[in-house]
Amino acid sequence: MKKITNLKEFACTPDRFQGGHRLCPGCAHSMIVREVVNATDDDLVISTATGCLEVCSAIYPYTSWDVSWIHIGFENAAAAISGAEAMYKALSRKNKLYNEDRRVKFVAFGGDGGTYDIGFQSLSGAAERGHDFLYVCLDNENYANTGGQRSSATPIGAHTSTTPRGRVSYGEKQKKKDLTMIMAAHGCPYVATAIPSTKHWKDLATKAAKAISTVGPTFINALSPCTTEWKFKPEETTEIADLAVETCAFPLYEIEDGHKLTITYRPKQKIPIEEYLGRQGRFAHLFKPENKWIIEEWQKNVDEYWDYLQRREEAGV
Amino acid sequence: MATPKEMLTTWDKVQFGAVLPAFEDPEHKVRSKFHSYNYSVADWRVEKPVFNRELCIDCDFCWVSCPDSCFIVEEVENKRGKKQAKIVGINYNLCKGCGVCVDVCPTPIKSLLMFPEYIDNEEALKQWPKKD
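As you go down the protein sequences, you meet chains C and F in turn. As numbered in this note's numbering, residues 1 to 317 make up the first sequence, in order. As numbered in this note's numbering, residues 318 to 449 make up the second sequence, in order.
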């Protein structure tokens, strides 16, 4: 496990995910990816599900990756990486590895569409078979690559292109699926949530380093504020991510061995959820008088979930 | 068996189980012309960040939050003999002008500010806000 002490030292790491990709200005995907791939000194094999990250980082003939990388279909990023890992194990059993003194780690990246919805079967299968890999979900709460359709990560009340706001509809009607807990229920040895921000950079980097060094299937759910579809200014990316944590809309926690929950960051004072919702254009219609009940519902959900996390941490089960 | 270097020369020579090694030494990193590092996204932006070395405290917040990895860092040793990163400039080929770096800069007078694309960097440094 790479020791991560302070940012000044961490910044000396040679980048393995380069700039020049065509993600939107202010996109949080590249912040997360860069921290994750820099959080280890071992060689990496990466598979990426179809999505913003894959489309923008590998436009022919250019590539942004300085690691072994494969683009695979929307539904099978976890299946591909578990296949590569199985082959690596088989080669090492037969003593056919070309570089025996180096360790190789396996990481898969997927958007929330490729993780929550389409790729869930392969992720569930790979976690159940117990391959040694890390899966990072870049959760921007919609299918941003194809024009902002709803996914099962979209929270209630959000305006997307398939759940538009208007006279009849108030946007997305379902709550967000709690994938982190579902992955913990698979019995994964390490499951965590993270955000890209300057305040919590160490949280993400240490979680990534821990997850990569843990043997067995590990999962990180990283919130990735999307400037285009959440409709905020590009420079506010890290502020929005910070607000998601400060309002407890996206609490930071980790779960070890499928049950031991630790909250890694507690906001000193919980900010009302309006602060987080009001900064994003996709929630602008919630501030009309007739939609007030949705904000109350939001606050209720957030409070209940935060309460549940705290009680679960106390109980230690 | 072929050495790792031979294996990774061209796509048709790659053998089963060959993995790209990590780059310990950034100096030895070879970037082909098809590496996106050599691609320019400079025409995306209308405003550019300008970096003022005199006000910078080397917190490296801009480095960690830059979505396009455009901050050029230099490895230096501090007083205690530990290595630390020193920001030396901005790679304007990679910068898309999103402004995240200006937003996260913690110094009282920001050491990074957005200026219109047509202003020269020296001119921008002259226009920098002064302490009262």
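Rather than coming from a laboratory, the hints here were simulated on the basis of the structure. Some hints here could point you the wrong way.
Simulated restraints on C-beta separations [stated by the list, open to error]:
(1) F/THR424 with C/ASP43: 18 to 28 Å
(2) C/ASP41 with F/ARG397: 18 to 28 Å
(3) C/GLY258 with F/GLY398: 38 to 48 Å
(4) F/LYS350 with C/PRO164: 41 to 51 Å
(5) F/ASN355 with C/PRO164: 18 to 28 Å
(6) C/GLY73 with F/GLU440: 47 to 57 Å
(7) F/LEU442 with C/GLY278: 33 to 43 Å
(8) C/PRO14 with F/PHE351: 15 to 25 Å
(9) F/LYS400 with C/GLY130: 32 to 42 Å
(10) C/ASP43 with F/VAL405: 20 to 30 Å
Think of the CB as a built atom: it goes at the ideal place given N, C-alpha and C, for glycine as much as any other residue.
query = So which of the earlier hints does this model not fit?
reply = 1, 5
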